[in-house]
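Chemist: Next come the chains, spelled out residue by residue.
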Amino acid sequence: MVNKIYRESLEAIRDVKDGAVIMFGGFGLSGIPQNLIRALYEQGTRDITVISNNPGSRLGDTEYGLAILFKAGRVRKFIGSFPTATKSFKELYEQGKVELELVPQGTLAERIRAKGAGIGGFYVRTGAGTLLGSGKETRTIQGARYILEQPLGADFAFVKAYRGDVYGNLVYRYTGANFNPLMAMAADITVAEVEEVAGAGDIDPNTIHTPGIFVDRVVKGERYDRWYE
Amino acid sequence: MIAGMSEKDMARRAAMEIRDGFCVNLGIGMPTLVLDFVPSDKTVFFHTENGLLGMGGFARKGEAHPDLVDAAKQPVTYVKGASFFPSDVSFAMIRGGHIDLAIMGAYQVSGNGDLANWTAQGMMPSVGGAMDIVVGIGKIIVMMMHTTKDGRPKIVKSLTYPVTGFRCVSMIITNLCVLEVTEKGLVLKELAPGVSAKDVLACTEADIVMPKEQKTIS
Numbered sequence: 000m001v002n003k004i005y006r007e008s009l010e011a012i013r014d015v016k017d018g019a020v021i022m023f024g025g026f027g028l029s030g031i032p033q034n035l036i037r038a039l040y041e042q043g044t045r046d047i048t049v050i051s052n053n054p055g056s057r058l059g060d061t062e063y064g065l066a067i068l069f070k071a072g073r074v075r076k077f078i079g080s081f082p083t084a085t086k087s088f089k090e091l092y093e094q095g096k097v098e099l100e101l102v103p104q105g106t107l108a109e110r111i112r113a114k115g116a117g118i119g120g121f122y123v124r125t126g127a128g129t130l131l132g133s134g135k136e137t138r139t140i141q142g143a144r145y146i147l148e149q150p151l152g153a154d155f156a157f158v159k160a161y162r163g164d165v166y167g168n169l170v171y172r173y174t175g176a177n178f179n180p181l182m183a184m185a186a187d188i189t190v191a192e193v194e195e196v197a198g199a200g201d202i203d204p205n206t207i208h209t210p211g212i213f214v215d216r217v218v219k220g221e222r223y224d225r226w227y228e
Numbered sequence: 000m001i002a003g004m005s006e007k008d009m010a011r012r013a014a015m016e017i018r019d020g021f022c023v024n025l026g027i028g029m030p031t032l033v034l035d036f037v038p039s040d041k042t043v044f045f046h047t048e049n050g051l052l053g054m055g056g057f058a059r060k061g062e063a064h065p066d067l068v069d070a071a072k073q074p075v076t077y078v079k080g081a082s083f084f085p086s087d088v089s090f091a092m093i094r095g096g097h098i099d100l101a102i103m104g105a106y107q108v109s110g111n112g113d114l115a116n117w118t119a120q121g122m123m124p125s126v127g128g129a130m131d132i133v134v135g136i137g138k139i140i141v142m143m144m145h146t147t148k149d150g151r152p153k154i155v156k157s158l159t160y161p162v163t164g165f166r167c168v169s170m171i172i173t174n175l176c177v178l179e180v181t182e183k184g185l186v187l188k189e190l191a192p193g194v195s196a197k198d199v200l201a202c203t204e205a206d207i208v209m210p211k212e213q214k215t216i217s
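In order, the protein sequence lines correspond to chains R and C.
Start counting the first sequence at 0; every next residue gets the next number (numbering that gives the first Met the number 0).
Start counting the second sequence at 0; every next residue gets the next number (numbering that gives the first Met the number 0).
Extracted from the complex, chain R is given alone in its bound form:
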């Protein structure tokens, strides 16, 4: 009998080793797997490569989400589009304590999707002729200049959905989907954190966003911070 449900976040990420390459869904603070991030922090995993749109997010003077991993010096490299989202990343970057691979946001999404879909790269105009396109294979297609981008995968994807079931089927809400459905397809092991666990057959198949085939583990998040009023 398939049952992908794990009892707690720590249990769901226990086999993540130092040096792991991990994708984290989310944009700003929407759709971030906050419980899995906290569990990874508590577990003490080090030398992580983080793939995410931004390295956490700042609200007022406080930084949330992935920022705790960066501040604790657990991250070796960040691959993403918007590193300026936190002061903590900027400081580490300026001190040479973290490596940065900057990727335009649409290219980041498509590289991840390509990996998950078994596509060996693709051409985009985004970045052609700029610093971010330098060194990449260039090709003229239908009169426009394109560059070749490579697929991007990971050892683990940590994603966040609103609902999930024992089969790993996931449903997102509002702008909480963002990178989550793409990352779910692109990693060796996908761990999904959900606000609600649905019983077998309780999610209408017409409404499923991520089919369970892409998801290995589902865990109900222990605690949800409300950042906004």
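Just so you know, these hints were derived from the structure itself, not from any lab.
Any given hint could be a false lead.
Stated by the list, open to error - Taking lysine-lysine pairs in the BS3-like style, the calculated list, with each CA pair at most 30 Å apart, reads:
#1 Lys86(R) / Lys148(C)
#2 Lys135(R) / Lys138(C)
#3 Lys138(C) / Lys60(C)
#4 Lys135(R) / Lys156(C)
#5 Lys60(C) / Lys79(C)
#6 Lys60(C) / Lys219(R)
#7 Lys183(C) / Lys211(C)
#8 Lys60(C) / Lys86(R)
#9 Lys148(C) / Lys89(R)
#10 Lys214(C) / Lys138(C)
#11 Lys76(R) / Lys96(R)
#12 Lys79(C) / Lys138(C)
#13 Lys76(R) / Lys86(R)
#14 Lys79(C) / Lys41(C)
#15 Lys214(C) / Lys7(C)
#16 Lys211(C) / Lys7(C)
#17 Lys16(R) / Lys3(R)
#18 Lys86(R) / Lys96(R)
Given the coordinates of chain R, assemble chain C onto it according to the supplied hints.
Modeler: Chain C alone, transformed into the frame defined by chain R:
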């Protein structure tokens, strides 16, 4: 230094470029002011790169949902007819040419419409969706102050900052004027109240084509 228009007046002018039925992407910061100036008789869908077409406005206290934010990560609302989607679909809309108009900020724009708005020397680079937007969206309006805080021109002959996109800007709205980017270069279309063509030329490095008469923005 001449003050020219307020940010709100610049946003009001930018909103006049939005036609009924348009899908519009607004950049972070000053461009979001445009939201307030779209007349209610027009159906306009505002696109936010993180996965919403049909953004309403900023959420009031009690309305905010942690999973409903805009590209600046601020809590927002959505309008009738809105849709939510993941990042790959959002950028298919952008790169695939489906969005009608983008309004964004800039560090520099050149006379032929090259844009720099992602990084500068000594600054940690950060790009977000800017490079995707400039290759995919057919009409790009830059909304910015005419000069830097210390008075240096931001509209230049050729960029000194790293380029975001080539020949992608079609209009520049500053506190001093409205410029159109044409085959012949920049053309001065309109002036802010109390600003003369001479004032504009004095703080612009790029060449500007001067039509016989300039309209003043009302």
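Chemist: Determine for every hint whether it applies to the structure shown.
Modeler: Evaluated hints:
1. Lys86(R) / Lys148(C): 23 Å, holds
2. Lys135(R) / Lys138(C): This hinted pair holds, its Cα atoms lying about 27 Å apart.
3. Lys138(C) / Lys60(C): 34 Å, violated
4. Lys135(R) / Lys156(C): Given that 30 Å is the threshold and the Cα spacing comes to 28 Å, the pair holds.
5. Lys60(C) / Lys79(C): At roughly 21 Å apart (the allowed maximum being 30 Å), lysine 79(C) and lysine 60(C) satisfy the hint.
6. Lys60(C) / Lys219(R): Within the cut-off at roughly 28 Å; holds.
7. Lys183(C) / Lys211(C): 16 Å, holds
8. Lys60(C) / Lys86(R): Roughly 26 Å between the alpha carbons, so the hint for lysine 60(C) and lysine 86(R) holds.
9. Lys148(C) / Lys89(R): Given pair lysine 148(C), lysine 89(R) holds - Cα atoms ~23 Å apart, limit 30 Å.
10. Lys214(C) / Lys138(C): Judged against 30 Å, a Cα distance of about 22 Å means the pair holds.
11. Lys76(R) / Lys96(R): Roughly 9 Å separates the two Cα atoms, so the pair holds.
12. Lys79(C) / Lys138(C): Holds, because 25 Å separates the two Cα atoms, which is no more than 30 Å.
13. Lys76(R) / Lys86(R): Holds, at about 16 Å.
14. Lys79(C) / Lys41(C): 13 Å, holds
15. Lys214(C) / Lys7(C): 19 Å, holds
16. Lys211(C) / Lys7(C): Distance of about 28 Å is within 30 Å: holds.
17. Lys16(R) / Lys3(R): 21 Å, holds
18. Lys86(R) / Lys96(R): Judged against 30 Å, a Cα distance of about 14 Å means the pair holds.
In summary, the structure is inconsistent with hint 3 from the numbered list given earlier, while agreeing with all the others.
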